[in-house]
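Once you've looked at the hints, dock chains X and H against the given chain W.
Residue numbers (the working numbering), protein chains in the order written: chain W, 1 to 180; chain X, 1001 to 1383; chain H, 2001 to 2372.
Because the hints were derived from the structure by calculation, they are not lab data.
C-beta: ideal position from N, C-alpha, C; glycine also.
Treat the hints loosely; a few may be bogus.
[Stated by the list, open to error] A partial selection of chain W residues facing chain H, derived with a Cβ cut-off under 8 Å: (1) Arg63; (2) Phe64; (3) Cys121.
[What the hints assert, rightly or not] Derived coverage of chain X by chain H (criterion: at least 3 residues anywhere in the stretch with Cβ under 8 Å from a Cβ of chain H; other residues may be distant): (4) 1099–1110; (5) 1141–1149.
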Amino acid sequence: MLGLGILKGLSVTLRHLVDTYLSDLRRFPRRYAPQGRARRLHPTERGIFTVQYPEERLEMFPRFRGALMQLVNPETAIPKCTGCGICARSCPVGVIEVVRAEEKRGGQYVPQSYTWDLSSCLFCGLCVESCPFGALHHTPEYELSSYGRKMGELIYDLDRLLAWGQEYAPDGVPPVEKEK
Amino acid sequence: MAFLNDLFVNLSKWLSSFLAQFLPTWAVELIMMLLTIVSLIIFVLVTIMFINWLERKTVGRFQDRYGPNRVGPLGILQFVADAIKMFTKEDITPANADRAIFNLAPVIVVVPTFLVLAVLPFGRGMVAADLNIGFLYIVAVSSLTTIAILLAGWGSRNKYSLLGGMRVVAQMISYEVPMVLSALGVIMLTGSLSLVSIVEGQSRVPFILLQPLGFLIYFISAVAEVNRAPFDLPEAESEIIAGYHTEYSGMKYAMFLLAEYINAFIVSSIAATLFLGGWQGPLLPPYLWFILKAYGIYFLLMWLRFTLPRLRIDQLMGLAWKFLVPLALVNLLVMGLVMTLTQGRGLITLVLASLVANGLIVAAVVTIYGFAKWRRKTMRVAT
Amino acid sequence: MQRMETGLRTETITVNMGPQHPSTHGVFRMIVTLDGETIVDLEPVMGYLHRCQEKIGERNTYLQNIPYTDRLDYICSMSNNMAYVMAVEKLAQIEVPERAEYIRIIMVELTRIVNHMLAIGALLNDLGCFFTPMLYGLRERERILDLFEMASGSRMMCNYMRFGGVRYDLPPSFMAELKSVVAALPAFIDEFERLLTENEIVLVRCRGVGVLPPEKAIAYSCTGPLLRASGVDYDIRKVDSYSIYERFDFDVPLGRNGDVYDRYLVRIGEMRQSLRILEQAIEGIPEGEISVKLPRVFKPPEGDVYHRIESPKGELGFYLVSDGSTNPYRYKIRSPTFINLTVLPELCKGHKVADVVAILGSIDIVLGEVDR
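Okay, chain W solo, but in the shape it has when bound (with noise of 0.2 Å):
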């Protein structure tokens, strides 16, 4: 009624410049998350939102789809992938292309050669879950930008996925599985 209503508005934007200048306060002198380890602020808590990337990230949940990683056996460092191509057909896209090597290696199938087409993959995870073997998983990386389409900027191939899984699970453990 009369201007009552544009007054309680600018009182609510008030609000809210006054409350980023008092979470500055808190933080102060520092600028940035220690260890460029930002947190989502709790629900009760006013201030300023954003998060600086690149200075600071946010953390990943466990279960985050990022990018593909294939597993090693730990006691033999044979790549629990087999070859079987599963995880080729359950994707809608067709992202994956596998081809299953003649020759068993310590006993099992091994791929002879895995391609994972980050182009135009949906990161829907439908392949994660189809894998019998456990051997494909996601892992937190999501900074996938290259300079190029071909094999090698967008177009991964096994060592590389492999070289993932060493650095996400090196004990063979996908970090999905050990949140619980």
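Relative to the frame of chain W, chains X and H by itself:
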């Protein structure tokens, strides 16, 4: 302290006496005038840089984020990046456009802002030209912006730019009436149009205490004059139909933006001069007080811009003619009455009487509004 | 605006509010015929985002279609998932365990809150608020998206529901986080209302604009908040109840006039009712199984099924025809916003140009769903 207070005045006095030693008087005056003009232009350019930065940081803070903070410490050089972008953009002129008018419009739109600066008192004794018709000069000169916008709309040879331009003209002309009427109240109090004497007349009490309603009306009209939210229909109308500056790109567009920001600052400094006491203030040097007050009112402008949605053109015009003009006239009448009745009875009586009078006007408006609403409600129930 | 009969020959102008919009709705084109300021006719042109989802649905298996349903109405991916998954469950007569039903309801109601926040923010952005209410809404939306990421692995394209349940069980920290979010949301909705509901400018721009009478709404098959703002009490969760919605106690907010302001109020009311449902679901969620074991190669029996849910935008329906093989024979999506858009010319006639954007914002379209 006194040295700091009169810093610029002493500087100019020293300079003119230094130059008078080896130059004839007319040359000294010419050089001093040129220096004043150059320093005013530099002030405007520094202001635009600061205002651009301030606006973007403040909008970020209102929205729970930092503003730009990548380019330079605290994002200070963001304006430089924007200026470089504006300079390097292609300057497109539509094929059918009226060239002379099309190119002239951005130039003319900036000119009134610089002209108004000539009569603003930045501090004690720091005014470029102490005209005794100061406020009349301001009103006359700021009407030139209207012509410039019409030229922009016409020169683009675009039906919708013309439409947008004509709407802007309608808006600006309509809102000049309440602006002048509300400032008339202040002029009645001092009896002079000169801005310097208006500021000096506020040495004991700022006029906002005597005319709060006048300040409100002046503020709303000023916001509409400079096309800022919630009255920024000309710019944001480019959602739908092109506004008056759509066909412009590059430096010419930057001129329109510059004019808009500087106009907003000028209008807030005029409000500070008329109602808040200009450069008067206890501890700090006068020019610092002026800057603080002008930016204080500019903060109000920013606050409104980032909170309120915009009005439609017919609602805008309805607000001006059906609400602000009658209110300003009533304000004028009541203030005149109050001033005549409390003549010679001291300042405090005047302050109290004007506050009571303003309260009565507000109460009357609220009553009329409530009565109208009640009548509408009962009529609807009855039918 | 009255036009004087002066005998002058006047013409109408055609303005193209082209596919590239400054507003946030996507690639949508409107051909508006103006007479001075007033709109005489409006023709919406859609199809700029057509991605052949229905044809792709015939090529995919039933399971592979689920990520594609995420991308229909890309803001409410959980609701789309649920509609499709429930349609297939109806076809194949699969029973869903109780804990999975509760989890699904929690996710869908959170999606409703997310969608309405974004819808109101976008509406106000079009009205001219320069992003401030939208960013406040997005701030709360971030917390809910974090919940989605915690549970399913992805913020927007969740791909979480499966036939017979959900993909994963809720992680251990989910319930605590959900409780804190649900506890803090009423304060946020109150703040939102304080910013907007009594704002005179919002009132003056939105009242009486785009009035949709209830008979016309029913005649045009409008559903969702558009229908309920006109006063028609039709919410599929109450009328044709699915899943376990009968166990929850909630109201259906209705509008009175059917203008833009009422749609805004209906959305705010629905957010509050979703919070009620969420609180009840949090209290009542049982332990148990979260999905049903299905054969690796899933072949539902022959037949056809149509299942609909109350998605945040209206009635989202899936019509599936199965011929007994692994792929659907026909996969049809009834998208609510596509059908709601047919009423746009009716709503806009007689209004000024500046109202078109407000009306479009109040219908709340997402082009992914309109064009599929």
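(request) Provide an ascending list of the numbers of those earlier hints which the structure does not satisfy. (result) Hints 3, 4 and 5 contradicted; others consistent.
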